[in-house]
Structures are given as structure tokens and as C-alpha cells.
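Quick note, the sequences are listed as chains F, G and L, same order. Using the numbering used here, the letters of the first sequence map in sequence onto residues 1 to 291. Using the numbering used here, the letters of the second sequence map in sequence onto residues 1 to 351. Using the numbering used here, the letters of the third sequence map in sequence onto residues 1 to 95.
It should be emphasised that the hints constitute simulated quantities derived from the structure, not laboratory data. Values in this document were obtained by computation on a predicted structure and should not be read as measured data. Ideal Cβ positions, reconstructed from N, Cα and C, are used throughout, including at glycine. Accuracy of the hints is not assured; some may be wrong.
Here are some, though not all, of the chain L residues that point toward chain F, as calculated from beta-carbon distances under 7 Å [unchecked claim]:
1. C9
2. N15
3. G26
4. Y32
5. M36
6. E45
7. A72
8. R74
9. A79
10. W92
Here's the letter readout for the chains.
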Amino acid sequence: MKKPRRSMLFIPGSNAAMLSTAFVYRPDSIMFDLEDAVALGEKDSARLLVYHALQLPAYKEIETVVRINPLDTPYGLKDLEAAVRGGAEIIRLPKTDCAADIQKLEREVERIEQECGRELGSTRLMAAIESASGVVNAVAIATASPRMDSIALAGFDYVVDMQTQRGDGSEIFYARCAVLHAARAAKIDAFDVVFSDVNDDEGFLKEVEVAKRLGFNGKSLINPRQIELLHKAYAPTEEEVHKAEQIVNAAKNAEREGLGVVSLNGKMIDPPVVMNAQRILALAGLTFGHA
Amino acid sequence: MNEELNIETLNPREDKRGAAEVNRLLRASGLEMEADIQVFVVARDRKKIVGCAGLADGVVKCVAIAKERRGSSLAVKLMDEVQRLAMKRGQSHLFLYTKPDRAPLFEGCGFHQIVEVPGHACLMENTPVGIRDYCESLRAFRQQGQRIGCVVLNANPFTLGHLDLVRRALRECDWLHVFVVAEDASTIRYADRLDMVRAGLAGMDRLTVHGGSKYLISKATFPSYFIKDSHEVETCGTAIDLLIFRRYIAPALGITHRFVGSEPFCLVTRKYNEDMFEWLESASMEAAPIHVVEIPRLEVEGRAVSASEVRRLLAKDDFAAMTALTPATTLSRLRAIYAFRTLLQAGHRAA
Amino acid sequence: MKITKEAMCGTLESNDLLVKVLPFGGLQVSIYSEVMRQFGARIREVVGETLKQMGVTQGKIVVEDKGALDCAIRARVEAAVLRGAECEDLDWRAL
């Protein structure tokens, strides 16, 4: 059962204090940012901070993502060396426009894994879609490599490319759907945009609701305060949990009795429905602290 | 996270509007804008300036933080940027003057106290090992003796008056340490002044010539000295410099006596000499008192020999008149330095 | 690695440290921390290890610590040394 990934907390890679303590917020994943959050003059030191922070025992318990600079900048490749050697689980590639971007990244990652003796294939990839091209190529991107872990929509740069502004969500509706469909078709996860107004809880929750309904696995966050709000919003209702428990029990019974088909209250339950019920229980377990 | 906070630089000479805004913030903190500031680091919350710190060569001045922002980490962020900016401009060693009650704020920002004039001012620097390492390097030059003397010369240029002062001082002590003011703010460059001093004192026993430092009559310790036509010197102007001498430099070399030439011309220097008696000789401090000995200036043809007179003659290329006031070693160096100018003028006359 | 110019890295914010390096004849390391008694020795150890790994045998290193973890100490010292040595590329095998 895959680990739920509701919250991905962005941490500026240049901030030593945050890097040292971010794990206490217990997000589902932590993203160390070497790109937009880091000034040009500090790219070199942030890279080293992230390299060393990745090796802290506390970060072995949380999923780690590193957003490198694009590979066509003077920084990208060096960032990648630091991230892979440091042990990041996932590399987030900004401004992914086409499958070739991912393939190029994959080649470099493989080279570094070989050089440093890291298990081949252990470094996974996340594509950040930030442009119209990216959206249009989403399917090709999502299937560009067996290392593809997830695909994220980056709202701010995307709307600039689309020559509009962030508003009520209609401006990113198509992008959201395209990214989601590509992710589901490729059987990888999808992450929704950052909500940048850290003081607007109501607006944040409205957006979370939309993302959840559409089916996003989670959302990128820039403030630790948003983590708890997000987790609560993603928590299944009691009714959903109750129903899920029934389904999972029915499936267990069917297995015990060697029946080929799972049924509940006279209705046949397809395997996807059972899997969904398991997912709900896992989420419930996370939220309410059951085993 | 202070996301709306932007740290930027502001040139007060180019950005008049920004300078006015900084001025308002300074006034609100009871401070005045200073003319020698070359650049400000400012913190803007959205558009409004909520913090500022000025840089004037290697001295940090005019640091103010808006009331509502005090106690936050704004001061640290601001001062971190000041250090980064200064380093980019080639100034890694920074000094800072502040009122003693503000010293703790700057201690939290990487500044370390050198000396304090209680109730008035405190001089700080941006390293924990600045004055400490300097004194360590001086200790290597300690000499044996009961009376260890010290003379500080600007020597702009080195004259017979300076030579006379050194000779007379030498008679009264076992060893003499001669320091040359290091600031490059005089007509004649520091490198040349030091060279003239060394040449003028070559072969003399029982003395050491030291290059100057930022800790002894520099823009950091004694800024008034370098302000042209300065008639006023606040108490602190001389106190800081003298306290550093008494607490750090003198103990490192074991100095017991400081010799000064009487000062008939420059008001600032005269005040400095007067204050020396107060700050160096008084018993009220932990650091051992230092005897101050004022030696009357050498006179030639009834007038005290003065370096400014030599400079006046130099401007007129009157090397003949200069021979009465300067040793041959100085003359030859001055000729070499200013030969190019003389040639140029000769060329003009010929044309 | 040889330090050829003055450089610095880091900040004085909580949990960080400021590292300054200067060219110098011998090797001189000065550590300054608000928690000198408890952590002074540990900071010196980590700084020393890092300098050794980078092959720094000459230079004046001044560290002002504000309660940084070992990982931040290593990172800041490495970055300051690289800047001071005017070296763009890190030799990953050395770390």
C-alpha cells in the first residue's frame, strides 16, 4: 500500500534553521528547494546545506524531494549531484516541457547513481509542469521514464505563460485536469498548485476541496501551518471510514473462504473498489492514529 | 516566514526619494543622516522601509529599525546583508559606533565590542578576533626595559621635526615604538609616508617602526582627525582611540610612555594631545596608566617645523626651501614621487 | 585546497553560523559561540574534520555559531572554503 502524500512542504534550501528543524512539522514529504527560493549568490551554499541535511537521521523517516535548477542553468547539474549523492528520494525538475527533459534528467541521474554507488533506479523523478507546452505534453512526460514518480502543476509560472493571472481557479482548470489524467493514465501521483496567501485559511481550504474532489494526491505547501489544515481536509468522513471498513472486511472474508468474488449486501465489489477502501483506511489511520 | 520582507540596497546620492524615506526612519530613532554614507541596506515590508543600515567605507552607521519591527530577527537579516555587501566591495573588516545601550542588539548580529566610553559610545567590529589577533601580532615585538616608549606619527611627510621628536623620545626610554598612521587620507600615500619614516630613522638603535592599523588613529577609531577643517571633536572622538591604545596596544608591547610633539597649528591634534593626559594618565581605570610626555616642537628660524609648511613648499616645487625642514632621505623620495609632475610642468613651460 | 581570497558564508540567524576564511600563513581556527561551553569542542571537531577532508592546511578560519547543527557547520565551512579558494567544483569523492 503506497504511502499517502497529501502534503509536500517547500523549504528554501538556503535556510539552515528550517532545514535543521522542518521534520518536526511532519508533512508527508519535504521538498528542499534549490531553485526559486534561493538567491543566485547562495546557490552554491544552499546545495551543500541540502546535501548534508538529507543525511540527517530525521529525514530518513520522511520522504525527501529536491527541486533542482533546470539542467540548462549553471546550477542544475551540480544540484543534481548533491541531491542524488545526498540521498534524496525524488528529484523535482522545474519547467518540464517535454519528455526529452525527463529523459535527459534520467541519463544524468543514472550516471551519478553509478558513480556514487547508489542503488540504480532508487532515485525517482517528479515533473513540474509550468507552461502550456508542459500541459500539452503531460502524457508523454508522465510516461517518459520508469523512474517517474509524480507530476506536479506549478500555478504561478503556468498562468504567466498562459498570459493570465491566478484567480478563482478557472484559469488552471484545464491544466489541472490534463495533469491529473496524465498521472492516472501513467499510474503515478499528481500534486496540485501552491496556495500562496498564508493568511487566508478559508481560501486555502476551498482550493484544497477542489483539488481533493478532482482527485489530486496532495498539494504543495509553503507554510507549515497549512499542513494540519490540509490533513484534516483530506481526512475521510466517519461514514466513508465505516463503509470502507465494511468493504475491506468483506474482501478479507472472501479471501478466507476462497471465494473468487467479493460481495457486500448482495452487490459485487470490484477490485478497484477494494483498493480504494484500503486507501481510505490508510488515510484514516494517518489522521486518527490507528495502526 | 517574513515573505513580504525584501532586503535591498539604496544609494542615497542617487535615490533622493529613498534617501528621504531613510532619513525619516533615522529621525524617528533619534539619529541623523551622515554625509559620508555610500550605500544603505534597507528592509522593505511591501513598499515601506522598516529597517536601514549605512556603510561609509569600512564603518557601519545609521542603523535604525522601525518600532513595530524591533525584537524580530530583522536586525540580524539586515546586518548579515551589510556584511555580505561590504565583503563584495572588498571590505571584510567592519567597524560600528553605537550608544552603549544598543550594543547588545549588535552583539546578536555578529559585532563584538572593542571599547566603550561609558554613557557615550561604544566601538565594535565584525569579528571576535580582530583586536585580539592584532595584539597577538604586536607581542612578537616586545622589548626588555623599564621605560618603553611610543610615538604615533602621520608624517605627511617625515620632517626634521619628526626626527627631532624621535631622538628626544629615545633619550628618555629604553626602547621606542614608532607607529605610522595607516589611513590613506593624506596628501602623501601611506606607503610613501611609511617608507620616508623608515628611511629617516634607518640605522637608529633601540627603536621599531610599525606600520599603522585600523586600531590606531584610523577612520574607525578617530574619524574627526580625517575630516578636513574640522574644528570640533566630540569627547568620544579622541577617547575611543586613546582607550584602545591604553587597554590593548600599550599592554601588548609593554608601553609605559607616550611621546607627543606639541601642536601649535591643528586644533584637532591639539585636542587629541590634551585628551591624552586625561585618558592615558588617569588612575581610574584597570589598565595601567601611561605617562604622557609632551615634547616641544623643533624650531627652525624661530618657527616650529610643520609638515603642512613642507606640503605648501612642495606644491610650489620649492625643494630649495624644503632642505631646511626635511632630512635628505625625505627630500630624495619626494623628488622621485613628484618628478613626473615637475617634468609635466617643465614641458608646459617649454611649449 | 588553498584559500586565495577572503570569503564568507552563512548567516547569524538562529540555528545557523557565519564562517569567514582568509588567506594566512599557517592554519588558525577561531570558534565563537553563545553555547561555547556545551558545544565549543564539538564545533571545533566538526570544523576541523571538514577542513581536513577538503585538504585545507593554511588559512584563517573564523566561525561564529548561533546554535547550528553539524550538517549546517559542514555545509557552511565547505561553501566558505570553496569561495575562498575560488573553486567552482566540489570534489565529491573527498566528502
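Now the hints, each set against the structure:
no.	hint	result
1	C9	5 Å, holds
2	N15	4 Å, holds
3	G26	26 Å, violated
4	Y32	17 Å, violated
5	M36	19 Å, violated
6	E45	15 Å, violated
7	A72	4 Å, holds
8	R74	5 Å, holds
9	A79	4 Å, holds
10	W92	6 Å, holds
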